[in-house]
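Undergrad: Spelled out, the chains give:
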Amino acid sequence: MSDLLRIEDLHTQFHVHGGTVKAVDGVNLTIPAKATVGLVGESGSGKSITALSIMRLLEKNGGITGGHVWFHDRDLVALPDEEMQEIRGNDISMIFQEPMTALNPVFTVGDQIAEAVRLHQKVGHQAGLDRAIEMLRLVGISDPKRRAGQYPHELSGGMRQRVMIAMALSTSPELLIADEPTTALDVTIQAQILKLMRNLKGEFGSAILLITHDLGVVAEMCDSVAVMYAGRIVEQASTEELFASPKHPYTQGLLASIPRLGKRQERLHVIAGSVPNPLAVPPGCAFRPRCPIKAARSDRDIPALKANGSAEHLVACWQYE
Amino acid sequence: MAQVPPLPFGPAAGGLPGAVPDHLSVETTVDQERAIAQPGVKADELAGAPELGFWRLAVIRFLHHRVATGALLILGVIVLAAVVVPVITGNLYSIQDYRHPYKAPFQSLQHILGTDDLGRDELARLLRGARVSLMVGILAVVGYLIIGGGLGALAGYYGGWLDNALMRFTDIIISMPFLLVVIAVTAATGGVRLSTVIIVIAATGWFEIGRLMRAQFLVLREQEFVQAARALGASNTRIIIRHILPNALAPIIVSATLGVSGIILLEAALGFLGYSIPPPEPSWGNMLQNFEEYLLSDHTYLVIFPATALVITALAINLVGDGIRDALDPRQR
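Line by line, the protein sequences are chains H and A. Per the numbering used here, the very first residue in the first sequence carries number 1; after that it's consecutive. Per the numbering used here, the very first residue in the second sequence carries number 1; after that it's consecutive.
Some hints here could point you the wrong way.
Using 20 Å as the maximum straight-line C-alpha spacing, the simulated SDA-like pairs for lysine to any residue come out as follows [stated by the list, open to error]:
no. : chain 1 : residue 1 : chain 2 : residue 2
1   : H       : Lys145    : H       : Asp130
2   : H       : Lys60     : A       : Gln223
3   : H       : Lys60     : A       : Ala215
4   : A       : Lys103    : A       : Asp298
5   : H       : Lys60     : A       : Arg221
6   : H       : Lys60     : A       : Asp298
Simulated restraints, written as ranges between beta carbons of each label pair [to be verified]:
no. : chain 1 : residue 1 : chain 2 : residue 2 : range
7   : H       : Gly63     : A       : Val181    : 39 to 47 Å
8   : A       : Ser235    : H       : Arg300    : 28 to 36 Å
9   : H       : Ile258    : A       : Ile174    : 44 to 52 Å
10  : H       : Arg137    : A       : Ser235    : 23 to 31 Å
11  : A       : Gly70     : H       : Leu57     : 43 to 51 Å
12  : H       : Ser43     : A       : Ile74     : 12 to 20 Å
13  : A       : Val219    : H       : Ala307    : 46 to 54 Å
14  : A       : Phe178    : H       : Arg137    : 33 to 41 Å
15  : H       : Ile293    : A       : Thr237    : 49 to 57 Å
Hints were generated in silico from the structure; no laboratory data involved. For every residue, glycine included, the Cβ atom is placed at its ideal position computed from N, Cα and C.
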C-alpha cells in the first residue's frame, strides 16, 4: 500500500502563561491509503493537537514549529492558507468529539451538509441538497428527506454524529480524521457509529485516523496503532501485535489496566503517578518518573522510536538498546 | 404547540414492565427518546412541535406576549399613518391659515387637533413629524448596525491587536460629548440639516451594539461548530457571515429595537434645542420648542400632542423590544 499521509518529526508548541508547551514533540506517523490508524493516549498527550496540526487548525497562541506533513507529495505545513483551505473538507475531513455542539444550531442539517458539498464542488443548491439527502440515507438515517429539513436540536446525539459523518464524507475525502468520535455517546450508540464508520470506509475508500483513549475502540477498528505519551509516540505496531506483545512499559501499563470479564482481580492495575506537567517535562524519557523499569540512560536522553522484533513494530525505550 | 397529556401512572402503556423495549436496541430518535421519557404519549402526538425553526418559534412566542403584540399593533398604526397620510394631505402641514390660529382641538372636522400659532393643522404636522422621527430612528440604527456591528464582529472574531485597537477607538467614541459634536458639526457644515443629525447620531452612538457584537463573536468563535466549519474548508468571511452572524443576532436585534426609541427621543431633544430639521418642516422636537410659552397659556394642547406622540411611540418601541427579547431568549424571563 502506498502512503497517503506521512508525518515527519512534527513539532507543535503553544505559548501559554508561564512558558511554552511542547504539545507535539517530534511525532513520526504514517497513514497508508485506505488504512485505519489509531492514535491513543491519555488527555493531554498531544493526540488531538497532532490532528489539528495536520489540518492546520491550531489556535492563535500555538503553531507548528518544525517538521513536515506530507500528503501525497505536498507538505501541508508549508502550504499557503488558500490551498490548505481547499484541502480541508475536500481531501481531508474531520469529525469532532461533541456532536451536540459541532453542528450550527440555526441551520437545518440538510443545509449544512449541502454547504460542505458546495464549498468544494460547483453544484447548485438543489444538487447540494440532493447529495445531502443521499448522504443521510447512507449514514443510516431513516426518512432522510424529512430529517434534512430538521434542525440539530431536533436530533438525538447518535443521529447528530451520523450527520457529522455524513458531512465529513460528503466530498469523499481520502483521509478522515475522527477525534474521539464516540466518546460523548452512550455505549449502544457507540457501537453503531463505529460499525457505520467501518462500513462507510469500505464504501468511500477513505483512510481513517482515529483518535481515542479507548483501547476497545482501537481493537475493534484499527489496522495499526500508535501510542502517544507527552507529545511523542512511544510505541507503534499493528493492532494484533500491540495487543499481543506490548513492548513499551507505558503500553503494557495501559493494557494491564483494562478490566476483563471472567478474570478475578482484587484491584484494577493502575499506572502510578500522573502525566508530567507540560511546562516542566523531565529530561530524558518523559515516562521515567512512572516507569517500573527505569532503564539506564532514560534519565538523560530521550529514546528514539526504533524497530524492535519486526520492522513494523516500533518502540521508544532504552531497555531494548 | 402540541398539548402534552398528563402522564399515566402505573405500568407503562405498551410493553411489559421489565421487558427490554426494542427501541433501546436500535438507534433512538428524538421522537423515540420522548416516547421513552413520557410513556403513553405517542411520538406522533409530539411530532408537530419539533419541525419549527428557531425564528418561527420566536414569532410564536412573541405573539403569545400580549403587551408586546399590542404595542406592535400601535406602532404599526403610527408607522402606517406617518407613511400614508402625509402623501394624501400633501403640504397641508405648511399651509398657514391666518384667520384661524390657535384653534382648539376636537371642535371641527377640518382641524381635528386644532391649529398652531400660524393656523397650520396640528394633526398634519404631527404625522409629518412622525415621519422625521421614525426616519431618523431607523436610519441612525442602520448606521449603528453597520458601524458597530461591523467593527464589533471584526474585533471579536480576529481578537489580538485589532481587537485592542478597535476597543480603544470605541473608548474614544464613548467619551465624546454628543451635544458639542452636534453643535460643532452643524456650525462647520453651515446650517441645521437632518442628514447631519442622522450621521452624528450614528457616528457617536454605535458603541453599545459594537460591544455587544464583539462579546457575541468572542463567545461564538470558540464554539465547536465554528471549528467544524473551518475543518470543512470554509473561509473566514464565510464563517463570520454565515456561521457566526446568525447565531449572534438575537441580542443585537433587541438592542437595535431599543436603540430606535432612544434615537427618537434624542432627535426630539435636538429639535427642541433647534439643532434638528429646520422649520417650516415639523418634527416632534421643534413642535415642542415653544414649550414654556404654551404650557402656561390656554394652548396647552400644542405641547401635549407632540409630547404624547413622542412618549407613546417610544414606549411602544420599547415594549416591542422587550417582547422580542423574551421571544428570542425565553430563559431571561
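Undergrad: Indicate, hint by hint, whether the structure satisfies it.
TA: Results of checking the hints against the structure:
1. For the proposed pair Lys145 (chain H) and Asp130 (chain H), the alpha carbon gap of about 9 Å is at most 20 Å, so the pair holds.
2. Taking the CA atoms of Lys60 (chain H) and Gln223 (chain A), the gap is near 15 Å; set against the 20 Å cutoff, the hint holds.
3. Restraint check: the Cα-Cα separation between Lys60 (chain H) and Ala215 (chain A) comes to about 18 Å, which is no more than 20 Å; the hinted pair holds.
4. Distance check on the hinted pair: Lys103 (chain A) and Asp298 (chain A) sit about 11 Å apart at the alpha-carbon level, within 20 Å; holds.
5. In summary, the hint linking Lys60 (chain H) to Arg221 (chain A) is supported, as the alpha carbons are separated by about 12 Å, within the 20 Å threshold.
6. Distance hint between Lys60 (chain H) and Asp298 (chain A) is unfulfilled; the C-alpha atoms sit about 70 Å from each other, more than 20 Å.
7. The hinted window of 39 to 47 Å between Gly63 (chain H) and Val181 (chain A) holds, with their beta carbons roughly 44 Å apart.
8. Judged by the Cβ atoms, the range 28 to 36 Å given for Ser235 (chain A) and Arg300 (chain H) is violated: they are separated by roughly 48 Å.
9. Separation of Ile258 (chain H) from Ile174 (chain A) is about 60 Å and departs from the stated range, judged on CB atoms against 44 to 52 Å.
10. Distance hint for Arg137 (chain H) and Ser235 (chain A): a CB-CB separation of about 30 Å, consistent with the stated range 23 to 31 Å.
11. Look at Gly70 (chain A) against Leu57 (chain H): about 50 Å separates their beta carbons, and that is inside 43 to 51 Å.
12. Ser43 (chain H) and Ile74 (chain A) have their C-beta atoms about 57 Å apart, which leaves the hinted 12 to 20 Å range violated.
13. Checking the proposed 46 to 54 Å range against Val219 (chain A) and Ala307 (chain H) shows it holds: the Cβ atoms sit about 49 Å from each other.
14. A beta carbon spacing of about 60 Å between Phe178 (chain A) and Arg137 (chain H) contradicts the range 33 to 41 Å that was offered as a hint.
15. The given range of 49 to 57 Å is respected by Ile293 (chain H) and Thr237 (chain A), whose C-beta atoms sit roughly 54 Å from each other.
In this structure, the hints that do not hold are numbers 6, 8, 9, 12, 14, in rising order.
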